Amino acid sequence: MTTTQELTLKTEPFILNIGPMHPSTHGVFRMRATLDGEVVTDIEPVFGYLHRGIEKLAEERTYTGIIPFTDRLDYLSPMSNNLGYCLAVEKLAGVKVPERGEYIRIITAELQRLANHCVAIGAMFNDAGAYFTPFLYMFRNREKIYDLFDMLCGQRVTYNYMRIGGVSQDLPEEFLPAVAKFLPQLKKFLDEYEFFVKQNEVFVARSKGVGILSKELAINCGISGPVARASGIKHDLRRDDPYSIYDRFEFDIPTAENGDCFDRFYVRVQEMRQSVRILEQAIKQVPDGPFRANVPQVIHPPAGESYAHIESPKGELGYYIVSDGSIAPYRFHIRPTSLINLGALRNMVRGWKVADLIFIFGSIDITMGEVDR
Amino acid sequence: MKFENFGLGIVKGLSVAIQYVWRHALVTQYPEQRLNISRRSRGNELVWSRERCTGCATCAKACPQGVIEIVTATDMTENKYKVETYRVDTGYCIQCGLCVEACPYDALFMGYSYERAKYRRAELVQTNDELLESPQRPVSGYFHPDIAKKLPKQTLLIEKIVEKRK
Amino acid sequence: MEPISAGALDIIQPTYWPGNYWWHWLFYTVVVIVFMLVMVIGAIYFERRAMGKMQTRLGPNRTGPFGLLQPIADAVKVLLKENIVPGVADKIVHFLAPVIAFTPVLLIFTVIPFQNGAMLADLNIGILFIVAVSSIATVGVFMAGWGSGNKYSLLGAMRNVAAVVSYEIPMVLAILGVVMVTGSLSMNDIVNAQNIPNILVQPLGFLLFFTAACAEINRSPFDLMEADSELTAGFHTEYSGMRFAMFYLVEYAEAIAMSAVISTLFLSGWRGPWLPPWLWLIIKTFFVFFLMIWVRTIMPRVRIDQLMGLAWKFLFPLAVINLFATAIEVLAWPDASQWIFVGVNIVLAGALVFLGSRLFKTGLGRVEV
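Residue numbers (the working numbering), protein chains in the order written: chain A, 1 to 373; chain B, 1 to 166; chain C, 1 to 369.
Derived by calculation from the structure, the hints in this document are not laboratory data.
Remember, predicted model here, so these are calculated numbers, not experimental data.
One should not assume that every hint holds.
Partial pick of chain A residues on the chain C-facing surface, computed with a CB cut under 8 Å [as the list claims (entries may be wrong)]:
| # | residue |
| --- | --- |
| 1 | Y131 |
| 2 | F132 |
| 3 | L136 |
| 4 | F203 |
| 5 | R350 |
| 6 | A355 |
Simulated crosslink set (EDC-like; lysine to aspartate or glutamate; CA at most 16 Å straight-line) [unchecked claim]:
| # | chain 1 | residue 1 | chain 2 | residue 2 |
| --- | --- | --- | --- | --- |
| 7 | A | K234 | A | E216 |
| 8 | B | K150 | A | E173 |
| 9 | C | K151 | A | E12 |
| 10 | B | K153 | A | E173 |
| 11 | B | K61 | A | E60 |
| 12 | B | K149 | A | E173 |
| 13 | A | K208 | C | E47 |
| 14 | B | K149 | A | E174 |
| 15 | B | K149 | A | D170 |
| 16 | C | K151 | A | E38 |
| 17 | C | K151 | A | D36 |
| 18 | B | K150 | A | E174 |
| 19 | B | K153 | A | E216 |
| 20 | B | K12 | A | E192 |
| 21 | B | K12 | A | D191 |
Glycine included, C-beta positions come from ideal geometry on N, C-alpha and C.
Use the sequences and the hints to build the structure in full.
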């Protein structure tokens with residue numbers, strides 16, 4: 001026994017600080033990784049570098065004035081944030097949204113899902129080490145979606161488009177034809193993209209079986225969205241708790257069994273196809289009529305509380321509002337998808353190499369704006 | 001790592017990548033090529049109309065950042081408010097457009113111009129006449145559909161493949 | 001082989017120079033250095049432009065006509081930057097590392113023929129010299145990793161050492177196949193012997209050599225020592241200014257040197273119709289370099305254990321079998337036309353790749369902790 005110990009080389013683990021300034025931590029995330037050679041034995045996530053105190057700021061703003069702040073939570077899918085917040089306030093104040101408003105909301109939210117998954121998939125390849133090509137192909141299409149949003153609300157990233165009781169402005173007349181023209185382009189592109197990367201040996205080698213998140217762990221950690229669906233949990237709030245008018249559309253919920261990085265990639269691709277399907281149905285059904293309920297800009301909702309959750313592109317996004325009857329919420333709380341999805345990161349990366357640490361982290365698809373709020 | 005398809009996946013990837021060499025790049029050579037921006041564009045600055053403004057300060061109340069400062073005096077002869085100071089600190093403005101939406105007299109507009117960067121922070125604070133409409137400060141169609149109709153149509157990337165550099 | 005002694009070639013034959021050897025040495029030293037610098041500038045421009053095109057971008061197009069001056073502008077920028085040395089760095093090692101990494105790349109060009117016999121030194125062990133010398137760059141890289149006093153750098157450098165040690169073996173075995181077919185170690189004789197380009201005679205050898213060369217010079221998908229998404233910049237994380245420029249130069253010079261070696265070994269070097277020989281060499285070099293860019297465009301990076309697995313479980317057995325098969329062919333049909341080799345070897349390469357792909361499998365790479 002002693003001889004083997006003497007012969008063994010003395011090794012010791014060392015701590016590698018990854019982030020907050022690192023090319024692939026998706027913002028300012030920081031991990032203190034304990035490494036044994038190349039193998040990650042433990043990580044300690046550190047965050048809070050992007051904390052802006054949005055929950056506290058919101059307590060001093062009018063209910064309408066909070067909407068621009070929700071844009072800045074998950075800055076890759078502001079429309080979904082807007083939608084979730086507006087649903088919560090509408091529930092609180094008992095506002096009924098007109099039909100056309102609901103359809104516009106669905107169209108924008110689904111376009112937002114496409115745009116978000118474009119970034120999620122593209123950035124994931126970048127984390128795997130592909131030199132920007134899959135990323136830029138995806139960005140090319142995201143740019144087209146952002147262009148449509150620009151036409152709708154005048155800005156590319158911070159839309160501030162939805163209002164309590166509808167949306168801020170009606171659709172421009174050229175918007176729906178433009179969406180109709182964009183969808184076939186996107187479908188064609190998705191086919192090409194799948195052809196491009198799905199069988200790439202190196203990508204398959206890097207992603208299949210890597211960073212497995214078991215079904216039990218996913219449920220225990222409260223993981224939602226594409227990450228949970230890749231682990232085989234068929235949970236989608238659009239189906240399970242239909243908000244807005246999602247019960248009117250036909251779509252499937254893609255799931256996968258293994259819960260590895262490849263599944264997380266492939267579930268997202270299939271979700272994009274389903275979003276295209278919803279959009280195709282929605283743009284045919286958009287009715288005429290008012291797009292916004294008659295709600296004043298400063299509202300006084302009755303005292304009480306409400307919680308509304310939506311299926312944001314990253315998972316379940318919830319808004320909890322407590323009102324004391326004044327013009328501003330008494331307490332404003334967000335259930336951030338990204339933060340809760342990060343919960344399983346330590347279990348997913350232990351035992352893998354440094355390269356996998358980055359890749360698994362990328363496959364969860366987080367936004368630091370939402371983690372730190 | 002396995003070669004299930006005998007390296008066919010790599011060949012597929014190569015074939016797609018090479019096709020893009022002959023396709024048009026979806027980028028714009030900015031200073032020379034300019035795409036038309038959105039008709040509802042929320043540009044860097046606010047445009048204020050002195051004639052229509054009644055000094056009600058609804059915009060200041062709607063602003064989530066509190067960047068609008070408005071001082072009014074009572075004009076006894078005409079029996080109405082007179083706006084003495086209308087000051088916007090553009091440095092703090094987040095261009096959300098809620099003030100434009102709130103204005104009951106259509107006296108406030110988002111700017112249509114861009115490239116309005118300043119060298120000093122103090123220049124970002126704009127007061128009274130600096131906020132009026134001028135050829136350098138055109139008005140955007142945000143929340144004003146009648147103005148939006150007159151503006152040039154937005155160039156959409158889905159329709160326009162950017163042509164070669166001139 | 002007798003060198004052709006006609007026309008323009010007369011002036012570059014060593015024996016015709018006044019003062020014989022030294023003038024020849026001076027002339028070719030200048031030629032090699034200038035050639036390499038110009039080629040590197042061309043390569044940087046070419047890579048950025050070609051990659052941009054494949055990524056639906058345009059690439060650099062502002063500095064000079066078609067952005068041709070972009071690499072020069074970059075060089076000027078990087079030379080004017082402050083040279084920062086970290087406080088905990090091993091100063092001497094940190095200082096020497098770029099120099100040591102840079103020298104061997106120049107040495108590779110000494111034995112590459114630009115024309116029949118037109119090279120700095122027609123060593124009769126030319127290809128062996130290249131193999132020996134090109135590994136020295138690894139010492140420089142490891143010195144950079146160690147001397148920086150940075151964990152990222154150290155990880156990158158250690159990955160590089162592991163990769164180079166493993167990939168030397170399939171690379172040398174692939175070269176041996178070529179040497180057997182051509183019957184010489186001298187680069188000039190190898191070119192002269194290639195009546196049919198060796199890529200047809202040794203198709204598997206070409207694939208193996210190309211893969212191993214990519215790993216050797218850390219081109220994607222084997223660029224683990226830089227690994228921009230994991231290790232920020234790998235071994236040159238702590239380098240800036242002039243020294244960073246040296247490493248950047250080394251990266252592209254190595255790529256160009258390896259492309260030149262591949263085009264000499266497998267694509268019949270300077271030989272070709274109509275155009276002057278040196279132009280043929282440049283064209284072929286850039287063609288091989290384009291293949292590297294093309295692969296880099298689409299490939300994610302392999303993991304370190306997969307890198308090792310690929311070398312030892314896939315490339316190494318294939319290289320050994322290829323070597324034996326070539327040896328048997330050369331012994332069995334010494335006088336046969338090379339076209340027979342072409343047919344047999346292409347079939348053999350297909351079969352071996354098929355078989356190797358079936359049998360090849362690396363582990364998952366997870367360690368229980």
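Evaluation of the provided hints:
1. Y131: holds, 6 Å
2. F132: Hint on A:F132: holds, closest Cβ of chain C at ~6 Å, below 8 Å.
3. L136: With Cβ-Cβ at 4 Å, under 8 Å, it holds.
4. F203: Status holds, d = 5 Å.
5. R350: At about 6 Å, which falls below the 8 Å cut-off, the nearest Cβ of chain C leaves the hint on A:R350 intact, so it holds.
6. A355: holds, 5 Å
7. A:K234 x A:E216: holds, 13 Å
8. B:K150 x A:E173: It holds: about 14 Å lies between the C-alpha atoms, which stays within 16 Å.
9. C:K151 x A:E12: Cα-Cα ~14 Å, so holds.
10. B:K153 x A:E173: holds, 12 Å
11. B:K61 x A:E60: Status holds; Cα separation ~12 Å.
12. B:K149 x A:E173: holds, 11 Å
13. A:K208 x C:E47: violated, 31 Å
14. B:K149 x A:E174: Since the Cα atoms of B:K149 and A:E174 sit roughly 12 Å apart, the hinted pair holds (cutoff 16 Å).
15. B:K149 x A:D170: Holds, at about 14 Å.
16. C:K151 x A:E38: Answer holds: C:K151 to A:E38 is near 11 Å, not above 16 Å.
17. C:K151 x A:D36: The given pair, whose Cα atoms are some 12 Å apart, holds under the 16 Å limit.
18. B:K150 x A:E174: Roughly 15 Å between the alpha carbons, so the hint for B:K150 and A:E174 holds.
19. B:K153 x A:E216: Distance of about 53 Å is beyond 16 Å: violated.
20. B:K12 x A:E192: holds, 10 Å
21. B:K12 x A:D191: holds, 13 Å
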